[in-house]
Amino acid sequence: GHLVTILFTMGPVSQHGPFDDWVRHYAEQGIELVGLYHPPVRYLPRHMLESYEVCRFLRDRPEFDIAHFHDYQGAGYYPLLAKHQGYPELANVTTVIGLHGPNLWAKSVGNQETIDRIGDLEMDFMERKSIEMADHVVSPSRYLLEWMNKEGWPSNPRSFVQPNVLPLSDRSAAARAAPGDFQEVRELVFFARMETRKGVVVFCDAIDQLLRPQVAGLYGGSLKNLQRITFLGRAALVQGQLGDRYVQERAQKWGVPW
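For the numbering used here, add 3 to where a residue sits in the sequence shown, where the first one is 1.
Since the hints were made in silico from the structure, they are not lab data. Backbone N, C-alpha and C fix where the C-beta goes; we use that ideal spot for every residue, glycine too. Please note that a few of the clues may not be correct.
To be verified - 30 Å max Cα-Cα, derived BS3-like pairs, lysine-lysine:
hint: 1; residue 1: K132; residue 2: K110
hint: 2; residue 1: K132; residue 2: K201
hint: 3; residue 1: K256; residue 2: K227
hint: 4; residue 1: K110; residue 2: K153
hint: 5; residue 1: K227; residue 2: K201
hint: 6; residue 1: K132; residue 2: K153
hint: 7; residue 1: K201; residue 2: K110
hint: 8; residue 1: K201; residue 2: K153
hint: 9; residue 1: K201; residue 2: K256
To be verified - Pair ranges (Cβ atoms, derived):
hint: 10; residue 1: R27; residue 2: V168; range: 20 to 28 Å
hint: 11; residue 1: V188; residue 2: R27; range: 38 to 46 Å
hint: 12; residue 1: E31; residue 2: V168; range: 20 to 28 Å
hint: 13; residue 1: R27; residue 2: G236; range: 24 to 32 Å
Please put together the full structure from these sequences, using the hints given.
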């Protein structure tokens, strides 16, 4: 196996329980979890500050062979720039950018938000340059690579598609239903943050359609005993309001617990 260190760029903070508990949890699996240092005085915008502190972290710990960065908000910009300029501590580090959806895509395409801050332009520049300078770019689908090409992003010849890995337990052959067979559905689950770009609006639209009286009897009556609609994910912005409030308003006419 590999020695793995996770650098959490938000710092030693946690939404659930003390950060030290998560440090111990990952340590039990042989993984080092480190909260990125944030200076008490923010002398740069947050996205620049975090990227610069990531660079300082890698400078102080030159033992890494590979450094993986996400694309969002340009966390890898300063480390990649330092390597590009010949920084000795980063000279032998292979750099990889994993695509999840850059800031411009997340705001304008995913959530239909406006690009209305200087920080958005700064992050867009940092993300684009990171893609250009990385040794490798990995995307879970061809869609993002094609979108970037359409939007005029720098091309990286070492870009390739690698779908997200499934747990081994999910790869076993499962019994397949015969054509025309229907199975009873008791719960429908939305597994993502409750925000526009994760599809919560489309999901709610689909629920509206599926629960219509003229539709409920279709599909072999598989939805007649639907007992619950579950949303697994925290709330984010949906059409100017928090996702849980949006779902609450949409769910009033469903007649199914959620």
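Comparing the hints with the structure gives:
no.	hint	result
1	K132 to K110	holds (19 Å)
2	K132 to K201	holds (26 Å)
3	K256 to K227	holds (16 Å)
4	K110 to K153	holds (17 Å)
5	K227 to K201	holds (27 Å)
6	K132 to K153	holds (16 Å)
7	K201 to K110	holds (12 Å)
8	K201 to K153	holds (22 Å)
9	K201 to K256	holds (22 Å)
10	R27 to V168: 20 to 28 Å	holds (25 Å)
11	V188 to R27: 38 to 46 Å	holds (39 Å)
12	E31 to V168: 20 to 28 Å	holds (21 Å)
13	R27 to G236: 24 to 32 Å	holds (26 Å)
Consistency note: the structure conflicts with none of the earlier hints.
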